[in-house]
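Undergrad: If you read the protein sequences in the order shown, they are chains A and B. Note that the UniProt record's numbering numbers the first sequence so that position 30 is 30, with each residue one more than the last. Note that the UniProt record's numbering numbers the second sequence so that position 177 is 177, with each residue one more than the last.
The hints are simulated quantities; they were obtained by calculation from the structure and are not laboratory data. Virtual Cβ for every residue (Gly too), placed ideally from N, Cα, C. The reader is advised that the hints may include incorrect statements.
Stated by the list, open to error - Computed cross-link-like contacts, DSS-like style, restricted to lysine-lysine with a CA-CA straight-line distance of at most 27 Å:
#1 B:K59 to A:K205
#2 A:K353 to A:K384
#3 A:K127 to A:K75
#4 A:K384 to A:K370
#5 A:K100 to A:K228
#6 A:K144 to A:K373
#7 B:K53 to A:K144
#8 B:K53 to A:K434
#9 A:K127 to B:K212
#10 B:K53 to A:K127
#11 A:K434 to B:K59
#12 A:K75 to A:K86
#13 A:K373 to A:K324
#14 A:K228 to A:K205
#15 A:K176 to A:K86
#16 A:K384 to A:K434
Claimed, not checked - Label pairs and their in silico Cβ distance ranges:
#17 A:K205 to B:D58: 21 to 31 Å
#18 A:N279 to B:S140: 26 to 36 Å
#19 A:N217 to B:L134: 40 to 50 Å
#20 A:A195 to B:F73: 49 to 59 Å
#21 B:F73 to A:N217: 54 to 64 Å
#22 A:S436 to B:G159: 49 to 59 Å
#23 B:L284 to A:T460: 48 to 58 Å
#24 A:D32 to B:E157: 23 to 33 Å
#25 B:D58 to A:D156: 54 to 64 Å
#26 B:P215 to A:N276: 54 to 64 Å
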Amino acid sequence: MRGATHARWAACAAAAALAATACGGGGGSGGDTGAVLSSSWGDPQNPLEPANTNEVQGGKVLDMIFRGLKKYDPKTGEAQDMLAEKIETSDSQNFTVTVKDGWTFSNGEKVTAQSFVDAWNYGASLKNNQRNAYFFSYIDGYDKAHPEDGGEQSADTLSGLKVTGPRTFTVRLSQKFSTFPDTLGYPAFAPLPRAFFDDHDAWVKKPVGNGPYQVDNYTRGSQMSLRKWEEYPGDDKAQNGGVDLKVYTDNNTAYTDLMAGNLDLVDDVPAAQLKNVKNDLGDRYINTPAGIIQTLAFPFYDEAWNKPGSEKVRKGLSMAIDRKQITDTIFQQTRTPATDWTSPVLGEDGGFKEGLCGEACEYNPDEAKKLVKDGGGLPGGQVKITYNADTGSHGQWVDAVCNSINNALDNDRACVGNPVGTFADFRNQITDRKMSGPFRAGWQMDYPLIQNFLQPLYYTNASSNDGKWSNEEFDDLVDRANAEPDTAKAVGLFQQAEEVLRDEMGAIPLWYQNGSAGYSDRLSDVELNPFSVPVYNEIKVG
Amino acid sequence: MGRYVVRRLLQMIPVFIGATLLIFLMVNVMGDPVAGLCGDRECDPATAAQLRKEFGLDKPVWQQYLTYMGNVFTGDFGTAFNGQPVTELMGTAFPVTIRLTIVAILFEIVVGIVLGVVTGLRRGRPVDTGVLLLTLVVISVPTFVTGLLLQLLLGVEWGWIDPAVSSEAAFGELIVPGLVLASVSLAYVTRLTRTSIAENRRSDYVRTAVAKGLPRHRVITRHLLRNSLIPVVTFIGTDIGALMGGAIVTERIFNIHGVGYQLYQGILRQNTQTVVGFVTVLVLVFLVANLLVDLLYAVLDPRIRYA
């Protein structure tokens, strides 16, 4: 039980730091613990299953109804033990996990080692079509349960997972990965009750988990009512009676509803309202860093962008972008100019290093012009920045970036935007390697680790390496960092790898994105976690 | 009459097939929808292939179309990407949009025709000029401006209505959105009725009716209005389909989860099943509305006979 008391102490400390409220009194002080709040929501894109949810809206629900082995501290992003009593390893490759006693699902079923192993096997198995299956790709036997080369699936379960007792199981990875336990806070690793497997359709209609909330009512496409689960055994109990998630067709309408007093919480303030939001809401407007970075990626499969000297062109383009001006005027300071390839939410210990990019990310038109010229000029005399025009008002900032580049290079035609109609088509062109110039890239972290900002994006042939950048030295440093059991040393190695990325300018970092939210005066203790999702269970009503 | 209806119904078949095929091809041209399903990263090839197989996207387009049409005739409209059957989406979306359309059409009929008759009978008077100006304003201001303004004034400033419609979308909540949706068509109905009335006022049968000494209201409703309504009925009939499919803007502003919203989502996610399914139903609505309009002609003007 040492783990439990430790976690409780941490939760209390966090709560005290957040709101300076007394801890240990039980229940919320000041708020009405029975009151329900309403919050804006978007229709989840995929069926609501832990290993099938890869966007914020579905993730929001999973965060409320599930607790995994680890949980990321909403304030610091640090991975803390939740259901894990201990996770032990001697070689960074074989792990023994012990699950805490006394946890159940909200339908009364006990959470055991089997609940985890079954869930992970389900998530990894190709025949279940789980969009997040690759999260299990480090576990031994993944290539059999999920052959990526299109071969026949030869196993339903992962050979690297073994249940050794009611509360213990072992994990064998296919490679050394010292920070593997810290990835286990991701929702894809949540445990699943038997009901999920026995009657899958019914479960998807009304999911059952083991988190502080349970689903009371779910009308797909319009509303989900979550209510506090009174018997929740964890120490991060809900401080309110429940949350009604309402689907909005447009975040402007949600904001209007908040203004009219019909909605308590909006976790995505529309760009058009950013100018008024401080007047409208005062300190009920939150604008805090999230683990999201926007970059410009390059098609390294295109000869023109991958010849000797073109790193100078890339660096020149980076120096031609006036990040500060764009984040101030277009984004109303909801983005921060990027000076490395990670995110401030990692903290210094976690690997964020302000200024790592150095002068290459500072606006310097003269130097930019010189570098582009030295590097042989722009390929084809013009860069086209490709983006999808259907969501997120990307057109605005791409035009601003182009404007900035044109001004710096003294050439009206140096840069133009190249809109693509839909996100799916945009992704198609990326997958088919049809990009002829830089294109919009963004990364929302899966877990707050520096590894997550570098390996999936820049490692040779990694899952999200859209530009197909490849560098042996970088790969080697990442491998060494993953094998390094000492966290501080591992972070150092990752930063060295990041320096390689910088010298080659494998992608231009643009800015870190903030999470923004606004709430009514009924609520207090509203915070956004590093994933820019409100920490619902901490919110007090009344 | 019976033969005419049968002939019209048979004519619908090629129109129906052509329209669905066009939509099917158009959505397909947009590319591979699976690419957008895994967020800002590439789906791993095995999962992508599996998903393509599940949605039938691995087959040639003509085969996809045939299978799809085959399924449609058995009432199966396929599955949306979020795992929900399209028929279920229709079941929630269409009732809402139909209610919204009814409200809008009622506004058009009641307000539009009354204003049209009043102005048509008082041509050139101040009432006529006033309404003329008003309709001009309504036609020239885009729907989203009217919608957002009303939402802000009635919803936030004065608090008479809720700015967003709840998921039940009862009739009462739909009055303002219905008015916004109807506004432009309403202006056209007024204009059409006015012109038609003004023209027919001088016709022989109206003069005869007046000469017979019939009461004024009877002349207007039985003789003048009935004959003047033909162009108006044509317009309203085609407008039913346009309102149902074209409510995207209004539905977005007032958070109505109807057909427009589902179509918008379907197009964004390049979900062939949703888009084609909803458009198929809308095509049917258009065709049936057109048939009804043609049949109404005979009722309004007995000189029109269908063999």
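Undergrad: Check the structure against each numbered hint from earlier and tell me which ones fail, lowest number first.
TA: Hints 1, 2, 3, 6, 9, 20, 21, 25 are the ones this structure does not satisfy, whereas the remaining hints hold.
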